[in-house]
Amino acid sequence: MSDSSTPSNGDLHSPLISKPKKVTMDQMLDKYCGEFGWWQFRHFVLTSLAWALEGIHTMVMIFADREPGWKCSTNRCDSTVKSVCGLEPGSWEWLGGNASSTVTEFGLICGQKYKVGLVQSLFFAGCMIGAGVFGHLSDSKLGRKGSLTMVCILNAAFGCLTAFSSDYWTYTLFRVLSGFSTGGTGLCAFVLATEPVGQSWRGVAGMSTFYFFSIGIAVVPAIAYFFQTWRSLYIASSIPSIMLVIFVLPFLHESPRWCLVRGKADEAMKIMHKIAKSNGKHLPDGVVLALDSEVNDENVPNSQSESKEAQNGSILDVLRLPLTRFRLFLAVAINFFCSVVYYGLSLNAVNLGTNLYLSVSLNAIAEMPAYLLTALVLDRLGRKPLAIWTMWFSGIFCLAGSLMKAYETWKVVPMVCGVFGIFGMAGTYNLLFVYSMELFPTVVRNAALGCATQASQMGAILAPLVVVLGGGIPFAVFAACGIAGGLLVMYLPETLNRPLYDTMAGMEEAEAEKPGILS
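My numbering puts the first residue of the sequence shown at 52, with every later residue one more than the last.
Check each hint, because a few of them may be wrong.
[What the hints assert, rightly or not] Label pairs and their calculated CB-CB ranges:
(1) LEU169 - SER134: 15 to 21 Å
(2) GLY337 - VAL255: 28 to 34 Å
(3) LYS332 - VAL470: 41 to 47 Å
Derived from the structure by calculation, the hints contain no laboratory data.
Quick caveat: nothing in here was measured; it's all calculated off a predicted structure.
Every residue gets a Cβ at the ideal spot worked out from N, C-alpha and C, and that includes glycine.
Hey, can you work out the whole structure from these sequences and the hints?
So, in structure tokens, the structure goes:
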């Protein structure tokens, strides 16, 4: 006679030995941890401070490479001329001395003036390379936090070394290296800041990162006002990077999404428990994280302590899959067009002939209403229509500016058109980071974003070349780029209220289940 208390073979999976419940990252944030509580807010603010560093290191060249005013020092000088190129050497002098900028110290005037634009273009070329390199590194072994730490250290080092440049070409070299590290700063900070945020808050949080970028730009005139020589300016602008590395980065956590796709499920769960505790939530012991491709797979390990193979991805994986390949090509082209307009219009604003400190500050502040308005309507209108209309909004005003440029008596009209053009494209530039992030799974997200960022830097390299054409041509080119970019967005899918997929397989599975939504 058998003991009734002994479970039979058919009862081996009784409730007493229940399996852990597997959920995706988005499901765990929504049901158990909180989508945007105190933990995410603190993590988001501290991580996004790196965006301010990118703004500082990018725009510091406006003051370091400026051409200051001059005055006659002898009676052989004609003070009525607009350029010093025809004046006798020694008959005039720079206001502020030769150490005030690289232009004065290295003699970048007259026939050498092109070298100022060359440094700027090469800086953005460095940004383009750095975005691709650190995009790959943050997706692989270095991780989001590791990559962000590295670029901040490099920013501080190269910024300080730039101040000790002995000649123009040494200065150019260090600016290229600074661009290399700067190109990965915003990219790594953006992904690290937004990946722990829940689905319903991700769009607003992602677009809010650009406030920090504008704050960084607005800080540059203040730094330049107190540090009048270009060497002291570069050292002073590098101090915030040093402070971030020492006082902020040690207190940040790695992205739990990255931990999960790299096979570090235990570490990911520890972070999720901290998020839940900090947000005043409770994460049950029986709930475990799983990749989106594993949630419904009974063959995957149930225990988080069991070893899981790291999910690796690269840009080659993006190119192999037709779905992601098409998205990548569109994202690259759209980001390129957006960057040409954004940086081109920004450079045109420098030619207003107003106080440089005030102009740069107002340009930075003027972008913030665009960020606010696009953030407010992002989850109402969706990513796709908002991207289309902001690009077309900018393109239409640029077209009007091109047409009005022929009427010299209406000089204020092109200026107003340029302001509205920047307003529209600033909103697009902000939105594209969120949109691009949601188009690709976690395993290749930074690699894909790195390519899109590289395209933006290529647009930044070309923008000064468009501006020097003069007349109504720059406005016409910006109009064409804005309108063409809006047309290309029409071929992208809407990602509003869609989950962030972890793997290529998870995205393919979702595409197969709901065709027409993701493609």
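task: For LYS332 and VAL470, compare the CB-CB distance with the range 41 to 47 Å and indicate the outcome.
output: holds (45 Å)
query: Is the gap between the beta carbons of LEU169 and SER134 within 15 to 21 Å?
result: At 20 Å between Cβs, range holds.
Assessment of proposed distance window 28 to 34 Å (beta carbons of GLY337, VAL255): holds (32 Å)
Of the numbered hints stated above, none is contradicted by the structure.
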